[in-house]
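Peer 1: Spelled out from the first residue to the last, the chains are:
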Amino acid sequence: MKTISLNVNGKVYDLQVRDSELLIETLRERLGFKGTKYSCLEGECGACTVLVDGKNMLSCLMLTLDAQDRKITTIEGLAPSQGELHPIQQAFIDEGAVQCGFCTPGMILAAKSLLDKTPEPGPEEIARALDGNLCRCTGYVRIISAVESAARKLK
Amino acid sequence: MPILKDFKYHAPDSLKEALQLLQKSPKPMLLAGGTFALNTLKKTAASPEDVITLRKIAELKGIRREKGAVAIGAMTSLDEVVSSPLVQEGAPVLAEACSKVATTPIRYMATIGGNIASRFYWVDLPAVLMALDARLEWIAAGGSRKQGELADFLKDHKTKGILTRVFVPPQGSLSVYFRHTQTMDVDVPVLALVFSAGLQAQTLKDVRVCVNTTMAFPQRLRKLEALWQGRKPGLLNAEEARLAMRQDLSTVKLDEYRLSLLDADLDSVIEKIGKAA
Chain A
1 MKTISLNVNG KVYDLQVRDS ELLIETLRER LGFKGTKYSC LEGECGACTV
51 LVDGKNMLSC LMLTLDAQDR KITTIEGLAP SQGELHPIQQ AFIDEGAVQC
101 GFCTPGMILA AKSLLDKTPE PGPEEIARAL DGNLCRCTGY VRIISAVESA
151 ARKLK
Chain B
1 MPILKDFKYH APDSLKEALQ LLQKSPKPML LAGGTFALNT LKKTAASPED
51 VITLRKIAEL KGIRREKGAV AIGAMTSLDE VVSSPLVQEG APVLAEACSK
101 VATTPIRYMA TIGGNIASRF YWVDLPAVLM ALDARLEWIA AGGSRKQGEL
151 ADFLKDHKTK GILTRVFVPP QGSLSVYFRH TQTMDVDVPV LALVFSAGLQ
201 AQTLKDVRVC VNTTMAFPQR LRKLEALWQG RKPGLLNAEE ARLAMRQDLS
251 TVKLDEYRLS LLDADLDSVI EKIGKAA
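Residue numbers (the numbering used here), protein chains in the order written: chain A, 1 to 155; chain B, 1 to 277.
To be clear, the hints were calculated from the coordinates, so they are not data collected in a lab. Check the hints yourself; a few may be wrong.
[To be verified] So the derived list for chain A, only partly shown, Cβ under 8 Å to chain B, looks like this:
hint	residue
1	Leu61
2	Val98
3	Leu115
4	Asp131
[To be verified] Now the in silico label distances, taken between C-beta atoms and shown as ranges:
hint	chain 1	residue 1	chain 2	residue 2	range
5	B	Lys8	A	Glu29	30 to 40 Å
6	A	Tyr13	B	Arg222	50 to 60 Å
7	A	Gln90	B	Asp185	29 to 39 Å
[Claimed, not checked] No farther apart than 30 Å at their CA atoms in a straight line, the calculated lysine-lysine pairs in the BS3-like style are these:
hint	chain 1	residue 1	chain 2	residue 2
8	A	Lys11	B	Lys56
9	B	Lys160	A	Lys71
10	A	Lys71	A	Lys155
11	B	Lys16	A	Lys117
12	B	Lys100	A	Lys2
13	A	Lys2	B	Lys205
14	B	Lys160	A	Lys117
Remember, it's a predicted structure, so these values are computed and weren't measured experimentally. Even for Gly, the Cβ is constructed at its ideal location relative to N, Cα and C.
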C-alpha cells in the first residue's frame, strides 16, 4: 500500500491504495464516483473514460499511482454547480442522445476533450474523436448531433 | 476482488535508477503507456513482482531534430507524435500511421516506445518504421548505450534494457501508407503497405517499400524497390510491379484476399506518386 494525494474533480484526496490498483477501482470503490463504469476492462469500450489533464483516457488501463500529479475529472465533476448541467450534458438530453445511459458519461467526457481542443468540429471529426466509446442502444447519429449542438451552445 | 494481482510499483526519476531496479528485481516489468502491458497482466496467470513505470524520466520524453534525423523519446505518446510539426515535416507517413493506431484515448495514453517494445510486429508502427529505416537507441541492462536496427530489436526477445529513443532519418518527399482492417478503422490492420522515396532529377531515389501482412514479420520489398529506383514516377508499370512484389513475398503464404489488396494498393501507389511528382 502507498499513501498518495489524488486530484479528482478539483478536490485533493489523501488515500492509501494498493500498488496494483487501477484508477477505475479507486474512483468507484474508494471515492464513490460510480459514473465511471466497469465494462470491458480492456480499453475497447470507453465506458471507464475520465479526463486526465483534460484528455479523455481510460481508467481501466491506468494505475492509480500513475495518476498522481495529474488532474482527474469524472462525469460527476463536469457540471458547473449543484443542480445545473454542463452544456454538453444538456445537449445530450435535448437531442435524445441518451437511452440506457451506460456509455453516456464516457461519451460526454470524450466530447468535452474534443470541444476544448476543437470548438467547431464537423460530424466526421466528432465521430473520430468518439471512436474509443461504444454505444449499443442509442446509436451514434443522435450522439453526434448532441456534440454539434453543444459546440454551438459553447461558442 | 482486485483486477490485477499484487506487485510493487516503482516510479524512478532517472534512467540510472530505473536500470538498477530492473537489475535488482527477479521478475520486473517496465511500464510505458500501459495500454498493452496492463491488459496483458489481466489476462495471464504470470505476474511481475516489480512494475517500473518510466513516465517520470524526462530523458525519455519529447521530439527533437538531431543530426538531420527526427529523434523521438520512447515515452512520447502516439498523439504527441501525430501533432509534432517535426514529425509532420520530417516523416509525414509516421504521423499518418500514428493517427490511425487504435482509438483516440489509446493514442493519448500509448507511447511509441511501448508500442515497439511490446514487439507486436503485426500492428501499424513496425512496418512504417522499417520503411523509414528507423534506428533505435536503448540502454542495455549493464548501462551501456546501444543503437541498432528496428527489425533486429523486434526479433530479439532476449535483450534486456530500456528503449530510449527512435531515430527517423531524413525522408524523401513522397510517401504513402495504406492499411486495411477487417471491420472498423480502429482495428489492427489485416494488411498494410508503406512506400517512401525521394526525387532526384525527376526520378525516384531511396525507394523503400514495406508490407505488413500480419501473418509474418513485416517485409521490405527489395526487388520492387530495385525496380522502381531511378525510374520516373509517372512511368511505372503496374504489371512489372506486381511481379516483383510476388517475388519478394514468395516465402510468405498469402491468401487471395490479401494478394488482391496488395495489387490494388500498388496501383494506388503508382497513381498517387505519379500525381504528386
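Peer 1: Hint by hint, which ones does the structure fall short of?
Peer 2: 2, 3, 5, 9, 11, 12, 13 and 14
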